[in-house]
Amino acid sequence: MNNRRYFFRQNALGVASLALPTMLASEGHCAEAATNRQTHHAPTAKNVIFMCQIGAPSQVDLFDPKPVLNQRDGEALPQSYLDRVDFAQIKEAQPKLMGTPYKFERHGESGQWVSELMPHTAGIVDHISFVHTCQAEDPNHMFGELHMNTGWRRFGRPSLGSWVLYGLGSESKNLPGFMVLRSGMHPRSKGANYGAGFLPGTMQGTPIQSNGPAILNLASPAGFSRQSQLATVEAVNQLNRLRASDNPDPDIETRIANYELAFKMQASAPELLNLSSESQETLDLYGITDPNQPTYARNCLLARRLVERGVRFVQLFHGDWDHHTSIYQRLPNECRTTDQASAALVQDLHRQGLLEDTLVIWGGEFGRSSVAQKSMKPGEPVGRDHHVDSFTMWFAGGGVSPGKSIGETDEIGFDAVTDSWHIHDLHATMLHALGLDHKRLTYRHEGRDYRLTDVHGNVKTELFEA
Amino acid sequence: MWQGMSCRLHLHSLRGTIIRFTLLLCAFLCNTHAGYAVDVSFDEDVLPILQAKCFRCHNQQRAEGNLRLDLKASVLQGGDSGPALIASNAEDSLILHRIQASDASIRMPLDAARLSAQEIKTLRSWIELGAPGLRDVDQTDHWAFTRISRPALPDVKNTDWAQNAIDRFVLSMAEREGVIPAPAASRRTLIRRLTFDLLGVPPSMEEVAAFESADGIHVYEQLVERLLSDPRFGERWGRHWLDLARYADSSGYEADRPRKIWHYRDWVIDALNQDQPVSEFVIEQFGGDLLPQATDESRVATGFHCNAMLDPGVRHEAVLDRVNVTGSVFLGLTLGCAQCHDHKTDPVTQKEYYQLYAFFNGASAYPLDLSSAELKEQRQKLNDQITEINQQITAIDQQIKDELNRLVEQQVQDLSGVAEGVVKLLQMPADQRGEPEIAQLEVFFQGQNEDRKKLVSKQSDLQNSMPEADTSLVFAQDNRATHLFVRGDHRQLGEKVVTAGPAFLPLLEWDNQSNERPTRLDLGRWIVSHENPLFARVTANRIWMRLMGNAIVEPENDFGVQTARPSHLELLDYLASTLQKEDSFKQLIREIVLSATYQQSSHYQYLQADKEGLFLSQRRLRLEVETLRDNALSVAGLLEGQIGGPSVFPAQPDGILDFRATPATWVESTGANRYRRGMYTYIWRLTPHPMMTLFDGPEMTTACTRRNRSNIAVQSLALLNDPVFVESAQALARRIVESAPTPQQRIEALFQFTLNRQPQEQEVSVIEGLLRHQTELFSKDVALAQLAIGKYPVTTPNLITHPEHAAWVAVCRTMMNLDEFIMRE
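Taken in order, these protein sequences are the chains called A and B. Under my numbering, the first sequence has 149 at position 149, and the numbering climbs by one with no breaks. In my numbering, each residue's number is its place in the second sequence (first place is 1) plus 1000.
Hint data in this document are derived by calculation from the structure and do not stem from the laboratory. Be a bit skeptical, because a hint or two may be false.
[Unchecked claim] Taking beta-carbon pairs under 8 Å as the criterion, some of the chain B residues facing chain A (in silico): (1) 1254; (2) 1603; (3) 1655; (4) 1711; (5) 1763; (6) 1773; (7) 1775; (8) 1814.
[Said to hold, decoys possible] No farther apart than 25 Å at their CA atoms in a straight line, the calculated lysine to any residue pairs in the SDA-like style are these: (9) A:374 <-> B:1313; (10) B:1376 <-> B:1648; (11) B:1260 <-> B:1647; (12) B:1121 <-> A:449; (13) A:173 <-> A:270; (14) B:1344 <-> A:156; (15) A:264 <-> B:1769; (16) B:1611 <-> A:264; (17) B:1780 <-> A:218.
By construction, the Cβ of each residue, glycine as well, lies at the ideal position given by its N, Cα and C atoms.
Same shape as in the complex, but just chain A (with noise of 0.2 Å):
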């Protein structure tokens, strides 16, 4: 089956090909196959990287500041929201509105409010825009993840990238399309956030390893030099020739370009992963220490190489800021590990020039509660419980009008008081920065024209109007 209904003309390649980053055409051979798809529209972005927040932050401590919830810290949540609030894990009969202990202010020209704990992040407000009125559905993670990441809240779906891919392709030629990076904790629904659902597997995110090798198998076998390993990736390729001389299967000419592909990765990947090349105070802009240890704001960093490299989308993921308890010790230290790094990707690309073509989103799979949660265990502190209804992301590049702040929550930042922003709101939004339409981009399976935003999901203009 795989029709697909979509734009794409069925090239020498094949389906199986769409979105390869196709060493050959940088050689000059099959230069129709690298060439970037149609767009449906003029798109404002090339690139997305997706600093994905596993666990949900919590945005009434970070950056939507409700005095009235602090006036109101210790009183009982009104019975109107306890009749419909449908919490993860509090089970108290009268739970109590909290406040926030960290002080709020105004930042840059545009005069955003960030909390002490963000300081970086408050640096770059006029970059970057908020968006107070996210929604999401689902206050489990696993399938919360999901939903942000697949739009779809069980497993089995295309994730973000790989939508991306099949509607643009890639423009690397040295590494694959679409790459992962990941520290601290795992997403709980793991690889399914970067999968390729039913679309071509062509399309899977590829995972940077956060522990062991970076990339597997990118190290030749012991005993094999590089000059002897490219002579056996070479032998390999001209039998495959020989091969398709005689049976002309577009799989073949895929699997040689496949070869290539990966031989330039065994110089590409560690090149990419390399940090030497950079410098001491863009090291010290990310707040790297350690070039060689695995963190966020190694990944961060990467990221904006790989964006260098034309790689299309880049996802990071970072873990954990679940904190049902000790938020106020667990949330300042998940600040102090990100806020920098997340915000030097920001300049980063803005000063290098990347960042118009790149769409920058920050936020989790929801967001965190303005009632205290308590700790079973006596004499552990307070925490926050789950959020779907409201909480808040933030968008930079890519044709994103900077310096806003999008929707209003109500006084005690519980429920959107302007337009949700529901989680296919987002995608749609993306699709249609990278020149896509999401009711356009569909993938025919099980006798059924899917998309990434399902039958929903609105543009949100607003995002890049000044």
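Please build the complex by placing chain B on the supplied structure of chain A, with the hints as guidance.
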């Protein structure tokens, strides 16, 4: 307005006639102008739209607005709002108004996507044409829901080509289309294809040579028989079945705890090797525990559904999965769509979904002890000893309790070395001690007691030496009540439901003398009953797909009304009726592989010429992840043949198991267990062996009814550099070098070992060039050569220099990375 008009039509026939005449005239004029398609068929064009978009609410069960669209009379008479359509008058037909309404509150279908412009045009044309063919429709009219009847063999012109009945169906369609089948593949390709397809390993050189040179008309049949009776058949087809069973060695979800269920894996292998009747095979997997003569084996068979991922906190998810997998694997239905609401396209209601749920909700998985008598006795003995020691410890503790005051007094005499906190406790007057203090003191004296210390350490030694029980997860009834989940939300329980089959399928019967409601066992029997057409069609279609690369019905896991009648329905029904009649997987597989259709060439020129669904060529298929490994190890002479047993832990890169919420272990297997077939590698669901992920292994979150066959660069990296493939190349290099003295002969052996064929001239020159080049490179650094040779040096001294030998390792790596090496052709 039109409502009034319809009244007139009915009540005032005279005026009605006049109006109708006028309308007809209009329709005629409109027809001419709008250029409507003259050829609209109710069955082919209109019915699918009604089935997909309208019947859900306007059918026998629902009849919203008192309108049924499945009955001709109801369509014409209409419901609360009047006639649904006026023949030959599209403009005034209610149905067209409602599907095009701009007001979403009245636009049909309600709360669903609009009809496409094309669908609207089809309906309009059909109405304008006078709604020809409108009739009462039985919702089970869908091709897949009708009973299977054995089709008559069609006549064909070319009587030479067809080998068996399958070929008659394929050829007759080809002749109708004016196209011809691909020629037969070479004998070498055939034996390779067949051995990969039936056993999942390559044939040996000798087997290929014997087959190529054999005479006689039954040579191919004999080969097929040999392979069907080879025990590796059960492994190969067992692995296919395990994909459907979402088999894994851990529970999945965040916790992903280890679970023992490999006996189920072995049961599948065994059942397939013994060619257990398909009906029994299925029935035991549904209700082997409920059989009147249930055995350990039949209980182990229920592991099929015990394989569902399980997190006790969301137990209902496992039950939902069992229903959904029953749909996708055994019925070809997307039942999951009915979890939150009535199925949008198939005649399955939400209530019926939960009636199926009730079958599985009444059971839970528990570990069945399958330990040998010896093991049981050994465990019993140890347990008895532990119990005895525990009694002794309890006695000591009681003594401490009884003599606490005396012990304290004694201890107070000498407080040296006693911790500060304890000293305070000891010095506390006896009458001030509360319960916690007493407890703490007891713990202190327990720790001081030498006899007790010895007993505790002995007990822990015994615990550690206790061999694990040999268990496997099986079903047992716990008879919970089932309620419908309102909008699919498990926290909102709706009406209570009991077990039953979906109404649109044949009646699910059971012995109501012994059971109040049908059980899982009855569900299994119903699935394989000959009245139920879905299981045989779905299964035959899937077996065909495994052997031909593509299925007759696509998608192969949805036989619902949205899936169009396949062009080769008769072929499918022939296969399905064979499966029902013979009740044997092997017989169906035999019949397919004996067909000329199966034996066609897979060369791209034929594939390209083939039209979709005609099956006039074979397909080249990349080997599955397990077969890739088995192929390399087999060619290297390393593959270990043991069938079954606990899962094993071959080498895997570091870091794979990090960042799990609960820890997992991977203690690398030693010796023969490193070289077992890929299907025996331990499967941690959350963190499977990286090769599994890389080469499209099943996700194991739910049934995998078909694997991807991706072709990406990181796979090439693995085939080039992964330790298993490198070691295989090293072992093969030694085989080649030791097999013959001259480079020429060795190159021939190389091609025979890896590809079962002679090299071509150009290939020889590529290999010779590579050998020269690599020898030169390795001569510059003999230490590198030794590393490249690894742990496979030649056993005869002075047979070959290290650089030359290392060059052969490079050559073997090259061969094992070839497209031809990793493809079944």
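Which hints from the list above does the structure break, by number from lowest to highest?
Violated hints: 7, 16; rest satisfied.
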